[in-house]
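Asks: Chains as they are written, first to last, in UniProt numbering: chain A, 1 to 202; chain B, 1 to 409.
Hint data in this document are derived by calculation from the structure and do not stem from the laboratory. Any given hint could be a false lead.
Unchecked claim - In silico DSBU-like cross-links for lysine-lysine, where the CA-CA straight-line distance does not exceed 30 Å:
1) A:200 <-> B:186
2) B:184 <-> A:200
3) A:200 <-> B:192
4) B:361 <-> B:382
Stated by the list, open to error - If you want the footprint, here are the derived chain A segments under chain B, 3+ residues with CB under 8 Å:
5) 135-149
6) 161-167
Said to hold, decoys possible - Computed spacing ranges between beta-carbons, pair by pair:
7) B:161 <-> A:51: 22 to 28 Å
8) A:198 <-> B:249: 52 to 58 Å
9) B:405 <-> A:181: 52 to 58 Å
10) A:181 <-> B:136: 54 to 60 Å
11) B:33 <-> A:135: 17 to 23 Å
12) A:56 <-> B:136: 48 to 54 Å
13) A:181 <-> B:14: 39 to 45 Å
Remember, it's a predicted structure, so these values are computed and weren't measured experimentally. From the three backbone atoms N, C-alpha and C, an ideal C-beta is built for every residue, glycine too.
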Amino acid sequence: MKLLDRWKILISGITLLPMAGTTLAQAGHTPLADANWQPNDKLQPPVFADTLNAADAVNIYAAHRSHSSHRSHSSHSSHYSGSGGYSAPRYYSPPATSTRSYSAPSTSHSTSGSNSLYQSSGTTPGASPGTSKTRATNEQKSNLVKRVQTALMVRQYYQGTIDGVMGKATRGALMAFQMDSALTVNGRMDTPTLNSLGIKIP
Amino acid sequence: MLRKDTHFEIQYLNEPKLLKVITLDEFIEQGVAVCAGATQFNDLLLWLPSEDLERNPHLVSLPVGGFLTPESLTSPFDNGRLHLHSPKNPDVVQPGDVIAITPGNTLVRVLYRRGSDSNLLFMTDRCNSLCLMCSQPPKDIDDRWHIEENLRLIDLMDAGEENLGISGGEPTLYRDGLLEILAKCKTVLPQKSVHVLSNGRLFKDPSWIAALAALGHPQLSWGIPLYADNAVDHDHVVQAPGAFSETVQGLYNLARANQIIEIRVVLSRLTTPRLPELAHYVFRNLPFVRHVALMGIESTGLARKHYEELWIDPLDYQEALSQTAYFLFNRGMPVSIYNLPLCLIPPHLSRFARQSISDWKNLFIDTCQQCAAVKHCSGFFKSHTDRWQSRGVRQLSTEAFSAYARSAQ
Numbered sequence: 001m002k003l004l005d006r007w008k009i010l011i012s013g014i015t016l017l018p019m020a021g022t023t024l025a026q027a028g029h030t031p032l033a034d035a036n037w038q039p040n041d042k043l044q045p046p047v048f049a050d051t052l053n054a055a056d057a058v059n060i061y062a063a064h065r066s067h068s069s070h071r072s073h074s075s076h077s078s079h080y081s082g083s084g085g086y087s088a089p090r091y092y093s094p095p096a097t098s099t100r101s102y103s104a105p106s107t108s109h110s111t112s113g114s115n116s117l118y119q120s121s122g123t124t125p126g127a128s129p130g131t132s133k134t135r136a137t138n139e140q141k142s143n144l145v146k147r148v149q150t151a152l153m154v155r156q157y158y159q160g161t162i163d164g165v166m167g168k169a170t171r172g173a174l175m176a177f178q179m180d181s182a183l184t185v186n187g188r189m190d191t192p193t194l195n196s197l198g199i200k201i202p
Numbered sequence: 001m002l003r004k005d006t007h008f009e010i011q012y013l014n015e016p017k018l019l020k021v022i023t024l025d026e027f028i029e030q031g032v033a034v035c036a037g038a039t040q041f042n043d044l045l046l047w048l049p050s051e052d053l054e055r056n057p058h059l060v061s062l063p064v065g066g067f068l069t070p071e072s073l074t075s076p077f078d079n080g081r082l083h084l085h086s087p088k089n090p091d092v093v094q095p096g097d098v099i100a101i102t103p104g105n106t107l108v109r110v111l112y113r114r115g116s117d118s119n120l121l122f123m124t125d126r127c128n129s130l131c132l133m134c135s136q137p138p139k140d141i142d143d144r145w146h147i148e149e150n151l152r153l154i155d156l157m158d159a160g161e162e163n164l165g166i167s168g169g170e171p172t173l174y175r176d177g178l179l180e181i182l183a184k185c186k187t188v189l190p191q192k193s194v195h196v197l198s199n200g201r202l203f204k205d206p207s208w209i210a211a212l213a214a215l216g217h218p219q220l221s222w223g224i225p226l227y228a229d230n231a232v233d234h235d236h237v238v239q240a241p242g243a244f245s246e247t248v249q250g251l252y253n254l255a256r257a258n259q260i261i262e263i264r265v266v267l268s269r270l271t272t273p274r275l276p277e278l279a280h281y282v283f284r285n286l287p288f289v290r291h292v293a294l295m296g297i298e299s300t301g302l303a304r305k306h307y308e309e310l311w312i313d314p315l316d317y318q319e320a321l322s323q324t325a326y327f328l329f330n331r332g333m334p335v336s337i338y339n340l341p342l343c344l345i346p347p348h349l350s351r352f353a354r355q356s357i358s359d360w361k362n363l364f365i366d367t368c369q370q371c372a373a374v375k376h377c378s379g380f381f382k383s384h385t386d387r388w389q390s391r392g393v394r395q396l397s398t399e400a401f402s403a404y405a406r407s408a409q
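Isolated chain A (complex conformation) (with noise of 0.2 Å):
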């Protein structure tokens, strides 16, 4: 664009400047931008390399289209118990002595008991058995969607429950966040996508 436009289109911007208010509460429905307006590769907002997710980052949950294939598993988050990890059950038996003493108390427990104070309910994902850098459990997947819902829900574009379901009325407001977001509408929770919701890959 030559020197001479730019000033065209600044001289034109403060010539609207007054009006602009009223031009655009009246507008409505009426596109703001001229039918012949065209993106201009030059006019384009600058681009930061530092974004939430890195453009290269493994995103796990990408091809993750449709929920249906894991709709037997949704359950399943709820009824699986730990197995390993910290969260296993302990027991730490009460003291042998029961009067003061200068010697250190009988620190024998068992693993027997289950009376844990603070149960730590369903799985740990660490120790989750099928957990890789390359596949997701279903848990993880479904924990994913119900951010990607969280945030859509809070971005206005999701009414629904927060399920962790990828079900048609996520997809759909997805696809309209995207579409919004001038992001590629594919209905995907890939890296750009996350991006823009705020989301990192877990």
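We have chain A already, so just place chain B on it with the hints.
Replies: Structure of chain B alone, referenced to chain A:
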């Protein structure tokens, strides 16, 4: 000073819970990754101010452990979900904190406070000593449940670089639990330095050497009290025959395990007369010690009972304190003075003075309000009373404070 507990209205709580308070933005951005260890949505308590709820009423369907509304509510939501609201003091619980709640009790305890340098894993109320000035008198109870609680708490903390204390009671009484907690700190919270307060007596057992060496925590230090250069005085202060010998043997065993050791001395009428001799003892016999903390007394717990025996005006031990601090300092041993307000130490000791009192029990009295040094001063314990107040407490003028500032290089 910000208390570590307050009361909330609590709805639908049917079992004891540890919960991580998290904002909506954090939930979206990080999910369970906001916690350092293994956690689930169930462990999260969503911080939900009423305006956010009005904007998005569907948020109450969020699959988290519960909700916290930091304002007073007249009509809490009625859907069977755990809900905390209407706090007595709205400042106590903030996003990032970890809280403990139990059914039938409106008390909410903050076990971890985001950004605080005074976070503590409390191990036990039991102790094998009965120090005359104990600020937290021991109880002879079985409280091994603390181990479980702390292991869970570690998972829910933030991962960042912070100091973490471990205290009691005597933490080493639950040897296996303590070692397990330290091992978990190493794996789950590798960025946090850990400082354990122990009387060191049980380290007399040499099997600790192998255990601590195997642990290999890179940022672990031990604060061990030594109250005299001789057994009679020390054993009297801690009210336990043989304690001096055990602690000294324990110190050597810790040194054999290459541990970082701090010696702590609580300053009282009993410990100050031979303070320079104690410094000499430490320098001669415990040269591996990394830090000596000379600490003003906390006037709570058993200390109040033994007022007559313990109380000495800090002005009256200034000379001994000065000799001790400089004896060690001149020989390359790091020294700190804890818990003494600047007005009670001479300017030339200000380089050793630290703001040492944990934020949740630290306060400044009326005299401090106009003092020029208030931002640099340790202040007082919340248990402070007139009876325990030195005749030297005063407000420092700007000129007076500049003398402290000059020597604090």
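Asks: Hint by hint, note whether the structure agrees.
Replies: Hints, one by one, checked against the model:
Among the hinted pairs, residue 200 of chain A with residue 186 of chain B is consistent with the structure: their alpha-carbon atoms are about 25 Å apart, no more than 30 Å. Taking the CA atoms of residue 184 of chain B and residue 200 of chain A, the gap is near 25 Å; set against the 30 Å cutoff, the hint holds. About 23 Å separates the Cα atoms of residue 200 of chain A and residue 192 of chain B, which keeps this hinted pair within 30 Å; it holds. Under the criterion of a C-alpha separation no larger than 30 Å, the hint pairing residue 361 of chain B with residue 382 of chain B is consistent with the structure, at around 5 Å.
Residues of the region 135-149 of chain A lying with their CB closer than 8 Å to a CB of chain B number 4, which satisfies the three-residue condition for coverage. Figure legend: the region 161-167 of chain A, annotated as covered by chain B; annotation consistent (4 residues with Cβ-Cβ distances under 8 Å, at least 3 required). Under the hint 22 to 28 Å, the C-beta atoms of residue 161 of chain B and residue 51 of chain A, about 24 Å apart, fit the expected range. For the hinted restraint 52 to 58 Å between residue 198 of chain A and residue 249 of chain B, the CB-CB distance of approximately 56 Å keeps it satisfied.
Taking the beta carbon of each, residue 405 of chain B and residue 181 of chain A are about 54 Å apart, inside 52 to 58 Å as hinted. A beta carbon spacing of about 55 Å between residue 181 of chain A and residue 136 of chain B agrees with the range 54 to 60 Å that was offered as a hint. Between residue 33 of chain B and residue 135 of chain A, the C-beta spacing of about 18 Å keeps the proposed range 17 to 23 Å intact. For residue 56 of chain A paired with residue 136 of chain B, a C-beta distance near 53 Å keeps the hint of 48 to 54 Å intact.
Checking the proposed 39 to 45 Å range against residue 181 of chain A and residue 14 of chain B shows it holds: the Cβ atoms sit about 42 Å from each other.
This entry satisfies every hint, going by the numbered hints stated previously.
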